[in-house]
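Chemist: With the hints as a guide, bring both chains together as one complex.
Order-wise, the sequence lines are chains A and B. In terms of the numbering used here, the first sequence opens at residue 1 and continues consecutively. In terms of the numbering used here, the second sequence opens at residue 1001 and continues consecutively.
To be clear, the hints were calculated from the coordinates, so they are not data collected in a lab. For each residue, glycine too, the CB sits at the ideal point set by N, CA and C. Mixed in with the good hints there might be a few duds.
[Stated by the list, open to error] Take a look, some chain A residues computed to stay more than 10 Å from chain B by CB distance: (1) Asn30; (2) Thr85; (3) Thr91; (4) Glu133; (5) Tyr187; (6) Ala236; (7) Ala245.
[Unchecked claim] Beta-carbon label-pair distances, calculated as ranges: (8) B/Glu1714 <-> A/Val23: 44 to 52 Å; (9) B/Phe1364 <-> A/Thr259: 25 to 33 Å; (10) A/Cys20 <-> B/Pro1750: 42 to 50 Å; (11) A/Lys134 <-> B/Val1474: 35 to 43 Å; (12) B/Pro1750 <-> A/Asp25: 45 to 53 Å; (13) A/Asp142 <-> B/Ser1724: 16 to 24 Å; (14) A/Thr85 <-> B/Asn1414: 52 to 60 Å; (15) B/Phe1772 <-> A/Val193: 28 to 36 Å; (16) B/Thr1412 <-> A/Gly33: 51 to 59 Å; (17) B/Leu1492 <-> A/Cys20: 47 to 55 Å.
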Amino acid sequence: MKEFRFSLGIMIILLSLCGCTKVIDLRLGNDSGLLVIEGNVTNLDSAQHIILSRNVPFTNTNTYPPVSGATVSITDNQNNTYNFTEGPAGTYSSAPFQGAPGTTYKMSVTSGGTTYTASSTMPAPVLLDSITEKSNEFNPGDNRRGITVHFQDPPNVPNQYRFIMWVNNVEVQYVFAYNDEFTNGRYVNLDLVETITDIYPGDTVKVEMQCIDEPVYTYWFSLMEQQFGGPDGGVAPSNPPSNIAPTVFGYFSAHTTQTQTLLVQ
Amino acid sequence: MRLILLCFSFLFFATSLLAQKRFIVSGTVEDKATGEKLIGATIKIKELPKIGATTNNYGFYSISLPAGNFTLVYSYVGYNSVEKAVTMTVDQVFDISLEPQKQLEEIVIKSNKPNNDNVASPQMGEEKLNMAQVNNVPVLLGEKDILKTITLLPGIESAGEGNTGYYVRGGASDQNLILLDEATVYNASHFFGFFSTFNSDAIKDVSIYKGGMPPEFGGRLSSVLDVIMLDGNNKDYTVEGGLGLISSRLKIEGPIVKDKGSFMISARRTYVDVFLHASSDTTLKGSSLYFYDINAKANYHFDDKNALYISGYFGKDVLELKDIFGTLWGNSTGTIRFNHIFNSRLFSNTSLVYSNYNYTIEDFQSASYFKATSQINDVNFKEDLQYSISNDHTLKFGLNVLHHTIAPGTITTNETSSFNDVSVEERYGYENAAYISDDWHYNSKITFLYGFRLSSLFLLGPGTLNTYDAAGNVLSSATYASGKLVKDYFNLEPRFTASYLLNDQSSIKASYNRNTQNIHLLNNSTSTTPADLYVMSSNNIKPEISDQVSTGYFRNFSENIYEFSAEVYYKALQNQIDYKDGAQLILNPDVESLLTYGSGRAYGLELFLKKKYGKFNGWVGYTLSRTELKFPAINDGNYFPATQDRTHDLSVVGIYQLNERWSFSSDFVYATGNAVTYPTGKYEVGGITVFSYSQRNGYREPSSNRLDVGATLEGKKHKKYHSSWTFGIYNVYAHRDPYLITFQNSKTAPNTTEAVETSIFATAIPSITWNFKF
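In isolation and in its complexed conformation, chain B is listed as follows (with noise of 0.2 Å):
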């Protein structure tokens, strides 16, 4: 209630800042081909360089102007900008179209120059992917993946080969929301981390916030993946899709009702087990090795204030060794939306979204047979509203109701199995969220972006939910019925982030925000593995909490065309979880019993430059951090290395037109290894030798470097249809990443040890694509 009271007042304080009469031009920005919705055009004012406004992610935006002639002009990036005349004396709605470039056109920038919106936007510690430098970008056998690239930026960092996990400014893996949709993508890899889950072809637009984060994300300490999905073209009906090393894909799109409604469907599947088939080994031939995922959106625009959009995801993975065990896992996701807007100044939308992760886990042998499962469930209501004030102020401000259902997991058995049936206790929690934020400017040099974030967790019965000492005995244990309360947390996040445009091409900035967690990753394996097992904030789990300040200088040369920023941050972090020795995560009804808590420091300083205009584009970006956690069990209590601890991330990636049919890319990665625990002694315990170990973490792997290379040949213009082929070689100098090294006795020489190192990509691994669209 006080909330809404504050909401109110902030409303009325702004609206109380309207002197002058003004009306309002609003509308939205599309792609002239498509149809698809632009989102972070900008739109300037001639007449008023100050006065600018961007596109929302579902393409609206809003400026009021004093009355009079101006000129207005719509922006983005590899579109040619449109201007339009305009005569206030009324509000207006304008829906303008931009029409893309030609890619050679690119080079040549006249009317079209690049903004300045990264010095002189308030946002920091955000990120933008632009999906045609993502599809550029040289991969892992030729699969586009926006989560192999994003740990291509500063201070987004790899979890390692064969592993889709990142590690954003030191936080763990587990830290980071991703949004597919406005859904929670909970487990974003497949075939054990080696592809992600997004498909490239299927999405228009990608950002991750590492710092400063906007009030409406919350949930997740690290960052926020926020994944778009394309609407479908609403002119014309298009197919395209490739056929690749080990998956195809298929993309169809077209209008539902020309120019009101459109659907997009992409779907890709691997066939790896296509070669399993082919073996002559009788197991192999039975089994099964592929994962698919599908990906379909439509939308439908009832007039120009009101549009549904549903969209959905559904990907699965299956590894199954005939007779003897099999695996599956996967997400479904869905979303409907309805975008209204109420007039020129107040934009709403309202979302209904569905998230699921599941996986099983067979043994198919009649001695040791058993079926295990696992779920967690997400039914989310959202409504968020965009009111424009006045130039100076946006304020968004909305509400988030999520209702969590987690199946920790059940075994069902049969009566030759060795296993007894099992059922951990589903647990059920809403985590629920306010927020407002204003976007400020002050004055034409001074913009804040400033708001706060209210977020709840309700632990909610039916079930028995026990209390656990430090030393993990059960201190008191209580059974509540269905929908009673456990145990609630609040938490206030106040978000600031503050710019200062020094001149035209640079500012500084600096932001604090707070962040709180109340779903946790339980897993104390070394890799991505599907068996995640998530919990809620408990009687014994506290929020998890990070608090950021950062601050930045921003500075762009040659009229726009290079990007430079230099970002320092420092991060608190607190109620962080860590596992005891010994500790059996998986379908333990006690596993918080066997969970210590502790805290944690991250710091550093990241450097960006970038090109993104012209025949030769990309991007240098180079990070230098620590990241440092502290447990009372651990290290006698003194700060030890995360795993994820980096001194050095260096990443380069370049893309270079030659002309209209040839295109070339390359990227190179240099980056510390992972802190590890390493022996420093050995004895022996019954017959066998067993290793000493001393401090946690106090070693480093050795660092890890690649280089890859790729090319796009442009097939020859056709009425009917077009083709490309993409060829890539990945780790071209076959450097050998170490993967893992294990301490072992030695094969050769008797009575030694010694350590051994497994790469996975030990060699240069090519790959060939071929794309065609008609």
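Next up, chain A with everything else stripped away, as it sits in the complex (with noise of 0.2 Å):
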């Protein structure tokens, strides 16, 4: 329950009163070269693609080396299969196909002699029905903005959603992950709170929504609350479970998707 502003009312008085920061370094272990794969199908009609890589140490640029030569391939439930080419090194995409609501998708990928496979079901799209910007509202006097996305969640069933947000054109580094738990059948109106990137009037924000199953909700749930280290009581770090076996890095996701994009005033 994240959206309970209290969090970070506690965070911002606690840090205004003397709070102070600095970069310090340490020493980290290094546990790199692990395998990550990305798996996403959307109902957009068009190519879909899924990214291989492996992570690197901390102290590394944030530039990950693609895994080349997987094969790579989505089965549906109506036993249809869309084999998946590489491209550009790392990224394996199918010829243009549309997910379907209600379907699931089965993913194989064999690298490096061991297959992975994850399955995830594309829930039934709900409409993003506005974007809209408010003032800071912990001081007014703030030039800075907060966005807030509104929909209207569908009742009698579980709902879960993610975001992502462009701040001209440059993605918010920041996991929004939420469910209907205490919203279910509502009109919602959502805070993207995050503490990154501020937006100032001029900028064109830009969100997506995607419908996601509950799996991957679950794992891009885990890595939002790990994302509050502070004083609002981040958790105890770990990786996020992944819906694919046997375990990586990474996700599987069918998910609707649809995008709306705000000038800010």
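Modeler: Here it is, written out as structure tokens:
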């Protein structure tokens, strides 16, 4: 229930009282070179992509070595098989096809002699009604803006959402994952609260809304919880539970997608 | 029933040991100036140096003596001793008043020789705080705080800055029982852990048991903090108080009926919000940020044999940002106690105790309006009896019937809100216990303190309760009517301590005790938040169990002026609780499906050197320890260090009385950092760089250290009033203790990541308080 703004309030008050930060040098271990699989099937009629890479040490730059030469395919529960071919190194793409809500997709990736499988069911889409901006509620004198998404949550079914935000075409490095545990059937006004990218008038904000299935939600939600490392109480960090077996880093998600863009006034 | 039989046979056995005709001298010991009953005052017999007694929590003592002439010596730290000649031909009652020493006289130790209690008593693993010392230890912003002060003792570690939580011998912070006049205080923190709920003005006595726990205490694995409020001055009316940087406090006490009854009311409130109101920012101007607490107590002694005590605590924290959100939380407790002295051997205390913790979180904005509330409510009946069979045997036995009502939470919303109304079923249960213990002086060298506690939990309906498999799927579900038994647990907890006196100055002691815990705090966040969720043992959660063995060497020097002890302990923990990944605990009716269970072990060495008397006094405490946990789903099922695993923990406290007006104090702490999980790599998913981890708690936060100093200036003597100034500097050399470390994309060097350390107090923080009394 991270939308309970209460935690953010504590953080702001405590850290504004006496907090101070500095970059420190830590001797961290190196457990790198492990496989990362990121598979997505969307309801857009286009090529679908599965990306294979490896993790790197903390001290490296954020460039991740691609994993080439894998055999990648997706099969749906009507026994349609879609083969993926490697384009740019590590990126495997299918011929254009449109994922259908209600369909279960099974991903199969064979790399380094091991076959990794995962399945995911595409949920029914929920309409992203609108995205709006508002001024900083804690300090109205501040020129920064917050982004709110609005949608009608369908009653009777559990829904899970993931949002991705871009400011001036740069992706905000923050995971937004929510479910309808406390909002089922409501018209939802959800603040995408983050502290990484400041948004000012004149910025262009793009928001993608994904409807995701439950295991994929758990994956993203675990990552999101760990982002709060502060006085509001982040949880002990760990690798989020992947839906891929045998366990590797990453996930396979069949989801619906839609985007809206807002020019901040 | 078997227990009662056992108790009786115990009594019978012990009584039959009496051969010679003996007489009893009993009574109470109190402070001459205020009438406060003195806890732990010692009574010795000059002619029989091996015989003695100490007063219990109500100032009561009882000693049996053969016929003859004796001299009784009553003494208590900081008071002049009193000698009383007595001829024993019948049972006698002596109520004794001791006069407090003038501060400087402490250095002259003549008639009041320090005793060797810490060496001679079989009790181990117990630490007592002297309130005079608590008041002298420098603290953050001048707020005297017993929870901060106990963490300066060996084996008790602070959970960190901005956290009143503490870890005892490797236990988690919810494994500590905190009692205020017998009532459980569930959340002992104010202002997110920067201050504790205990206002030192209102407190008479503080003891903490970290091992060798007496059977009268139970319900938590690690420790019991037993805090007793002042009774109130039954001789004179006094008013005292203080004006500090962040809070003010006031205490009024006086007789209800002189020498028979008294009252005490103590209150404090912070005024940070006064500064907020002065702000030009409109949101801050309309905001609230404060806490207050009130302690009140009254007592009345009907006669020598019957006394009634009523006490209560009420505290609240309020944090409200105008039109945005608000949160308030607080504890309230109430205790009614009746002391009855049946005869000079048998003392009884009957208590009825109420305890409540609740919090409210409210979002005032129309699009997200909600109000969430949660509480835990206890009603507790206790009967405690103390029976002095002879000087060789003192029995304590009693019963405890504790009813819990836990309301995990309710959300109320309105039509414009994004949120639904939610209500999670309340849970009901009884935690009942019976205990018996015997303090047995086997001979002049060997003493045993042994007994057991039978603890139980009855989880009751109404409600629908699920049983989950390891993966968290519902295995079965059943609906119970009101009062219907859902699940019960019984645990027998043996407690055993033995001491062997090597000579007057030294002893060795050993103890074994089992503790169980049936009420568990669920919180997977890393800090103190008011949103505490308690659950009882159930179909899914088994009672937590701890078995502890410890042994120690106790040695006094220089006529007991210096006390030294070295204790080692080993603790085995069962049925410990952790959380699955992505667990969302708050207001979750299936919260028990998100738990995972494991075991743990903790062991360590504690060294303690204390100087209790003299112009210069203080202590040095050092702990070397290890605490590890083991969960099947974490670290491939191997042991990993618990967050609170502290290899080294050092505290030094010194207090120096320069003259009648000036005294100085200082403390220094050093501790190994918490065990934490740091990334061992990074990768990219969804266009975002995230971190990979290979081992739980495989790293250490940087160690923490800090020096604080304080000074007290007593005002010139006036007939009618007295005043003093307290000055303090917290974190003198402005050390940056790490509060948290976050890993993120670098803001300065694109396409790289960095570790960022946040500290709360990176500067020295001065404080000043003016205290008055009239």
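Chemist: To test your reading of the hints: which numbers does this structure violate?
Modeler: Hints 1, 5, 6, 10, 12, 13, 15 are the ones this structure does not satisfy, whereas the remaining hints hold.
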